[in-house]
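Chemist: The lines below spell out each chain.
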Amino acid sequence: MSNWLDKIMPSMIRSDSKQRTSVPEGLWKKCPKCGAFLYKPELDKNLDVCPKCEHHLRVSARRRLDIFLDEDGREEIAAELEPWDRLKFKDSKRYKERLAQNQKATGEKDALIAMKGRTLGIPLVAVSFEFNFLGGSMGQVVGEKFVRAANIALEERIPLVCFSASGGARMQEAILSLMQMAKTAAVLERMKQEGIPYISVLTDPVFGGVSASLAMLGDLNIAEPYALIGFAGPRVIEQTVREKLPEGFQRSEFLLEHGALDMIVHRHEMRFKIASVLAKLTGQDQPEAEAAIDLEGIKPDQPAPESTDAPAS
Amino acid sequence: MNPNYLDFEQPIADLEAKIEELRLVGNDSDINITDEISRLKHKSVTLTESIFSNLTPWDIARLARHPRRPYTLDYLEMVFDDFDELHGDRHYADDLSIVGGPARLDGRPVMVIGHQKGREVRDKVKRNFGMPRPEGYRKALRLMEMAERFRMPILTFIDTPGAYPGIGAEERGQSEAIAYNLAVMSRLKTPVISTVIGEGGSGGALAIGVCDRLYMLQYSTYAVISPEGCASILWKSAEHAAQAAEAMGITADRLKELKLADKVIPEPMGGAHRAPKEIAKALKEQLKAGLDELCALSTEDLVSQRYERLTSYDTGR
Numbered sequence: 001m002s003n004w005l006d007k008i009m010p011s012m013i014r015s016d017s018k019q020r021t022s023v024p025e026g027l028w029k030k031c032p033k034c035g036a037f038l039y040k041p042e043l044d045k046n047l048d049v050c051p052k053c054e055h056h057l058r059v060s061a062r063r064r065l066d067i068f069l070d071e072d073g074r075e076e077i078a079a080e081l082e083p084w085d086r087l088k089f090k091d092s093k094r095y096k097e098r099l100a101q102n103q104k105a106t107g108e109k110d111a112l113i114a115m116k117g118r119t120l121g122i123p124l125v126a127v128s129f130e131f132n133f134l135g136g137s138m139g140q141v142v143g144e145k146f147v148r149a150a151n152i153a154l155e156e157r158i159p160l161v162c163f164s165a166s167g168g169a170r171m172q173e174a175i176l177s178l179m180q181m182a183k184t185a186a187v188l189e190r191m192k193q194e195g196i197p198y199i200s201v202l203t204d205p206v207f208g209g210v211s212a213s214l215a216m217l218g219d220l221n222i223a224e225p226y227a228l229i230g231f232a233g234p235r236v237i238e239q240t241v242r243e244k245l246p247e248g249f250q251r252s253e254f255l256l257e258h259g260a261l262d263m264i265v266h267r268h269e270m271r272f273k274i275a276s277v278l279a280k281l282t283g284q285d286q287p288e289a290e291a292a293i294d295l296e297g298i299k300p301d302q303p304a305p306e307s308t309d310a311p312a313s
Numbered sequence: 001m002n003p004n005y006l007d008f009e010q011p012i013a014d015l016e017a018k019i020e021e022l023r024l025v026g027n028d029s030d031i032n033i034t035d036e037i038s039r040l041k042h043k044s045v046t047l048t049e050s051i052f053s054n055l056t057p058w059d060i061a062r063l064a065r066h067p068r069r070p071y072t073l074d075y076l077e078m079v080f081d082d083f084d085e086l087h088g089d090r091h092y093a094d095d096l097s098i099v100g101g102p103a104r105l106d107g108r109p110v111m112v113i114g115h116q117k118g119r120e121v122r123d124k125v126k127r128n129f130g131m132p133r134p135e136g137y138r139k140a141l142r143l144m145e146m147a148e149r150f151r152m153p154i155l156t157f158i159d160t161p162g163a164y165p166g167i168g169a170e171e172r173g174q175s176e177a178i179a180y181n182l183a184v185m186s187r188l189k190t191p192v193i194s195t196v197i198g199e200g201g202s203g204g205a206l207a208i209g210v211c212d213r214l215y216m217l218q219y220s221t222y223a224v225i226s227p228e229g230c231a232s233i234l235w236k237s238a239e240h241a242a243q244a245a246e247a248m249g250i251t252a253d254r255l256k257e258l259k260l261a262d263k264v265i266p267e268p269m270g271g272a273h274r275a276p277k278e279i280a281k282a283l284k285e286q287l288k289a290g291l292d293e294l295c296a297l298s299t300e301d302l303v304s305q306r307y308e309r310l311t312s313y314d315t316g317r
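Chains as they are written, first to last, in our numbering: chain C, 1 to 313; chain L, 1 to 317.
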């Protein structure tokens, strides 16, 4: 709505109409599944899980590791790796420009963050995909960083945990990104031969070249609830087979039912579940469970804006 | 227009039709047209040369999918002896878009595995247009592990638009099937040579393409996504496929420059489909040379060199 109209409208109507049409900046976020307005501090405390419908919202790579790792003794791995445009790729925009744009928007150099640390005291290496960086796509830097992280896990004989969220291979690195599938699979096979555990956690969404390489090769494949996971995207499949896809197709629950996953784990339980499994696989004592998240006392001063539009599906 | 010719091949087709016509006329008349025929033949050669010296990556992408291009079973016939086709993944089905089994290359036992497209409509459907489902990759894996046990080198032939994007394929774990092959192939204790004979379509190609040596026929392609797919995502329209083909660098020469392909096997003038026997001979020689090289390595060196190859990283600095 243009400014002059705002000015001549009675203030009551104005604020009303604003509440109906948009989410107030900063304090509220809309759940993409149930459409409820969520109070940000409460959502933060709840690890970006909707308190109303338990939908797991997407989180950044850094936040993911921040949630997963103990606070002390974190060490970032291969932070210096930077992407470069070997193919001089250009579509409607130069790849170089896209990189710069995505680096600015996310504050990351590329789509994977790797850290050494502990989870409930269990030493491990953890990597995490930044979906907001070109759709978490895997190019040369993602592949190389993954391998370097795995190499540290191999050297120190500690487990590797990967949180994937990716549309697949990075088209702008063309054939070079395809080769990252073989590269990451090779290092994971070496870990397997060496008896070092690898846990793959699939978070919404995981497709294509990432799904068909590192994400499906875990000793355990774990997913968050309701994550969309597959090889081909639903639209491509629909166009190919020309029929309606079954209900819940390619969701975590569907994959569990079809035997592709070991378990679906709620984000609140993830730290403990992984630490508990790893402790068994590596002959360490069972870690102590953490207190449940308590949302008591985090209440907004004002009521949530009224949701009038239909919830997103 | 003859569906067996691409648009840029059409002038050649026209000329050849004319030669054929003249030849038929010549057969039942006394007029000497030998000179005219040889003149036209010469013209046809020059025309082919000039057309084929100016191919764009998109032209090459279409040649790689040429309906008359030799497929894996054709090479099995022309390059190998005593092929025994083996079937099934032992879990679910026999996927006919991948064929494989033991054969002999100049007497040497080898395991041959390749994508297979169909020639005529019914055959195309039977072969699912060369797009494997998980059971195809699992059959391939079974054969590769068998080859490893019996110390047979593995020769794979890549020719697929990609892994099949279907409901059943997803239900049975398309991603896992591909990923698992990549992992196991990285450590097979037997030499693996992959040759792209047509289309190298993404993960569906790589799933039988992790190797010690990668060869590409001159007019084959290898890419992370089809030019049409890339165009529809990045240019928002499949009509920009030619641009996408150019940008992605999908040709054999480009892959050689990037040091991903070890050898480009030159094709006869006009492409492999114009002289299948010739390309088969060149392929056979190259495969034999490759095997000689790889079989001279100790198993340990073979596997560690492959690992090096797979995990190396070019910083560009």
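In short, the hints are calculated from the structure, not lab data. Since the structure is predicted, the reported quantities are computational estimates derived from the model, not experimental observations. Fair warning: there could be bad hints in the mix.
[Unchecked claim] Capping the alpha-carbon separation at 25 Å, the derived lysine-lysine pairs in PhoX-like fashion look like this:
no.	chain 1	residue 1	chain 2	residue 2
1	C	244	L	281
2	C	96	L	259
3	C	96	L	256
4	L	126	C	192
5	C	90	L	189
6	C	33	C	244
7	C	90	L	126
8	L	126	C	244
9	L	189	C	96
10	C	93	L	126
11	C	192	L	263
12	L	263	C	88
13	C	88	L	189
Chemist: Against each hint, give a clear statement of whether it holds in the structure.
Modeler: Hint check results:
| no. | hint | result |
| --- | --- | --- |
| 1 | C:244 with L:281 | violated, 48 Å |
| 2 | C:96 with L:259 | holds, 22 Å |
| 3 | C:96 with L:256 | holds, 24 Å |
| 4 | L:126 with C:192 | violated, 37 Å |
| 5 | C:90 with L:189 | violated, 40 Å |
| 6 | C:33 with C:244 | holds, 21 Å |
| 7 | C:90 with L:126 | violated, 38 Å |
| 8 | L:126 with C:244 | holds, 23 Å |
| 9 | L:189 with C:96 | violated, 40 Å |
| 10 | C:93 with L:126 | violated, 41 Å |
| 11 | C:192 with L:263 | violated, 32 Å |
| 12 | L:263 with C:88 | holds, 23 Å |
| 13 | C:88 with L:189 | violated, 37 Å |
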